[in-house]
Amino acid sequence: GENVEQHPSTLSVQEGDSAVIKCTYSDSASNYFPWYKQELGKGPQLIIDIRSNVGEKKDQRIAVTLNKTAKHFSLHITETQPEDSAVYFCAASDGNNRLAFGKGNQVVVIP
Amino acid sequence: DAGVTQSPTHLIKTRGQQVTLRCSPISGHKSVSWYQQVLGQGPQFIFQYYEKEERGRGNFPDRFSARQFPNYSSELNVNALLLGDSALYLCASSWGGDTGELFFGEGSRLTVL
Numbered sequence: 001g002e003n004v005e006q007h008p009s010t011l012s013v014q015e016g017d018s019a020v021i022k023c024t025y026s027d028s029a030s031n032y033f034p035w036y037k038q039e040l041g042k043g044p045q046l047i048i049d050i051r052s053n054v055g056e057k058k059d060q061r062i063a064v065t066l067n068k069t070a071k072h073f074s075l076h077i078t079e080t081q082p083e084d085s086a087v088y089f090c091a092a093s094d095g096n097n098r099l100a101f102g103k104g105n106q107v108v109v110i111p
Numbered sequence: 001d002a003g004v005t006q007s008p009t010h011l012i013k014t015r016g017q018q019v020t021l022r023c024s025p026i027s028g029h030k031s032v033s034w035y036q037q038v039l040g041q042g043p044q045f046i047f048q049y050y051e052k053e054e055r056g057r058g059n060f061p062d063r064f065s066a067r068q069f070p071n072y073s074s075e076l077n078v079n080a081l082l083l084g085d086s087a088l089y090l091c092a093s094s095w096g097g098d099t100g101e102l103f104f105g106e107g108s109r110l111t112v113l
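As you go down the protein sequences, you meet chains A and B in turn.
The first sequence begins at 1 in the numbering used here and counts up by one.
The second sequence begins at 1 in the numbering used here and counts up by one.
Looking at chain A on its own, in the form it has when it is part of the complex (with noise of 0.2 Å):
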């Protein structure tokens, strides 16, 4: 099945920086990739997506690129703000709807 790797485990910025995330997966038929950001007792809450077509999307602060020669996709946050804190997960999946996810990242942006 899909395996779903994520780098750094936890990431510090200073607020108003860019953070980036990246995540490479295994399967080559993975064709959608979208990003969750999960904040304390809450469930994950889809932030962007890309699909395998597209090189690069964004939305406002946040941008996601794919590369799908090298296999990894990485999220973006320009201007950083105290609220963008909290863990993120990336997720691949092959258009079934069932996602394989990342173990996920802890961000935290220093005031």
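It is possible that some hints are incorrect.
[Claimed, not checked] For the chain A half of the interface with chain B, some residues (derived, Cβ under 7 Å), not all of them:
hint: 1; residue: Pro44
hint: 2; residue: Lys68
hint: 3; residue: Ala70
hint: 4; residue: Phe89
hint: 5; residue: Asn97
hint: 6; residue: Arg98
hint: 7; residue: Phe101
hint: 8; residue: Gly102
hint: 9; residue: Lys103
hint: 10; residue: Gly104
[Said to hold, decoys possible] Okay, the calculated bits of chain B under chain A, using three or more residues with CB under 8 Å as the criterion:
hint: 11; segment: 44-55
hint: 12; segment: 102-111
Worth flagging that the hints you see were computed from the coordinates, not collected in a lab.
In this text, a Cβ means the ideal position worked out from N, Cα and C, and glycines have one as well.
Given chain A, work out where chain B should sit, using these hints.
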């Protein structure tokens, strides 16, 4: 509009007992999936149901079962509870098909003593 709702939010059981968790999907969504999230890990896929039929099953023992009702709500049952079943159980809904866009509820926190 209401999101995915799950009940109960917290529950405590002892080893060997059985538990039933409930989920109501977003209105109009026909697919429900269940995930187990152990503390400090990412969610792990358990089941997917679409139009009341099982569409997928993850690597979980037969003690785990689920079903989807005509109104698209769903139940997850776990029998003969083990300490290792302690986790956050997440329900996610989607329109169905292969969009891949899953919307999660807040989860049911199960503690097995």
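Taking the hints in turn, this is what the structure says about them:
1. Pro44: Hint holds; Pro44 of chain A Cβ to chain B Cβ min 5 Å, cut 7 Å.
2. Lys68: This interface hint is violated because 16 Å lies over the 7 Å limit.
3. Ala70: 21 Å, violated
4. Phe89: The hint holds - Phe89 of chain A has a Cβ within 7 Å of chain B, the shortest such distance being about 5 Å.
5. Asn97: It holds, given that the least Cβ distance between Asn97 of chain A and chain B is near 6 Å, below 7 Å.
6. Arg98: Since the shortest Cβ distance to chain B is 5 Å, the answer is holds.
7. Phe101: 3 Å, holds
8. Gly102: This interface hint holds because 5 Å falls under the 7 Å limit.
9. Lys103: 5 Å, holds
10. Gly104: Gly104 of chain A check passes; min Cβ-Cβ to chain B is 5 Å, inside 7 Å.
11. 44-55: Held - the segment 44-55 of chain B has 5 residues with a Cβ nearer than 8 Å to chain A, which meets the minimum of three.
12. 102-111: Since three or more residues must qualify, the claim that chain A covers the segment 102-111 of chain B holds, with 6 doing so at under 8 Å.
Checked against the numbered hints above, the structure violates hints 2 and 3; every other hint is satisfied.
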